[in-house]
Amino acid sequence: MTEEGNSEWRGDIAFFGKIAAGFSHEINNVISGVSELSGLLTDLCALAERGSPPDLARLKKNCETISAQAQRGVTIIRQFNRFAHSADEPSVVYDPFVHIQNLVELCRRFADMKRVKLGLSSPEERCNIKGSPFQLLHLVFSVINTALCTVEENGAVTLSMTKKEGGLNITANISPVSAEEGLISNKNLLDDLASGLEGRSFIDYCKTDMTASVTISLPDSILYIPEV
Amino acid sequence: MTENLSVLLVDDEEELVSALRERMELRGIDAVLALNGQQALHEAEMKKFDVAVIDVMMPEMSGMEVMEQLLKVQPGIKVILLTGRGDENDSAAGLRMGAFDYIIKPVNINVLLDLIRRAVKKNND
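Those protein sequence lines, which keep their order, are chains A and B. One rule links them: number in my numbering = place in the first sequence (from 1) + 241. One rule links them: number in my numbering = place in the second sequence (from 1) + 567.
Source of the hints: derived by calculation from the structure; they are not laboratory data. Everything numeric in this text was worked out from a predicted model, so none of it was measured. No residue lacks a Cβ here, since even glycine has one placed at the ideal position from N, Cα and C. Certain hints may be false.
[As the list claims (entries may be wrong)] Quick list of the computed label-pair ranges, beta carbon to beta carbon:
1) B/643 with A/261: 37 to 43 angstroms
2) B/614 with A/283: 27 to 33 angstroms
3) B/593 with A/258: 38 to 44 angstroms
4) B/664 with A/422: 25 to 31 angstroms
5) B/636 with A/393: 20 to 26 angstroms
6) A/331 with B/665: 50 to 56 angstroms
7) A/331 with B/652: 30 to 36 angstroms
8) A/425 with B/665: 35 to 41 angstroms
Using the sequences provided together with the hints, build the complete structure.
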């Protein structure tokens, strides 16, 4: 492996590791909740065995909460599973919105930790593209990360996807901006990741007084148009 | 049996912390929950606690920030940090900042209660 390929591979592993760490943290919280709730049920059963009449409403409420926690766990696992499968094939036809939406859900806790609202607006037009979903997600994650380092506390990072003549734009709007250095220090990384995507993808930066945006421009050659 | 202990539980995972509070109350311990740092500090201004059990990873204020502020409001309070498995480095930093100990989620209530009692005993010694 060349030095460049090696560093790219390490970057991919680090990205996968960050998502996996976030996932395991979330799932540990779910399991901890279920563990505590089932412990509480055990305590209530032990009380009933000692003659205290069981509080059925309380038992029912606990069972419902366990069920809701299990559902939360299933959702988190499904999100991580979809993400993990994005690395299966080097090139497939896929809907980028589905993968980006999933990534945003997996990144929500990172944003919460920085007291930032992370959102994704629905595109006016959906499309399919060709290539590696994992590589695109790595780039989008790096953009989100850059945005989170740049946005002010209690601010917002909103992603959007726009199909346009000549390709597809994925934009992160950052409002308000606190540390412009975040944009500058990550510029080389984002440019490298963009140039590694199929076609001639590039990153466009825009900054006003209070807001900034980072746009991933994917060329039209990446768009998948089914043969009729 | 009622134990003369008052515990402040701080975690943004509401289901977990509510169940933990109920289990402590069933064991005769006076437990109050807070879902974030601001709530925790508010509770600490209203009431004196022997021990605070604080989750390290919380949005808004981190567990470390909560501990730092809490120790200013109630210098005598003993802090036990609640952590996920990967946060041991944070917990070690927490010990250096004045936490009594830390415990890894999911918690065994008997281990946690033992830790709480040891923390109170150390305070009384």
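Violated hints, by number in ascending order, as checked against the structure: No numbers; nothing is violated.
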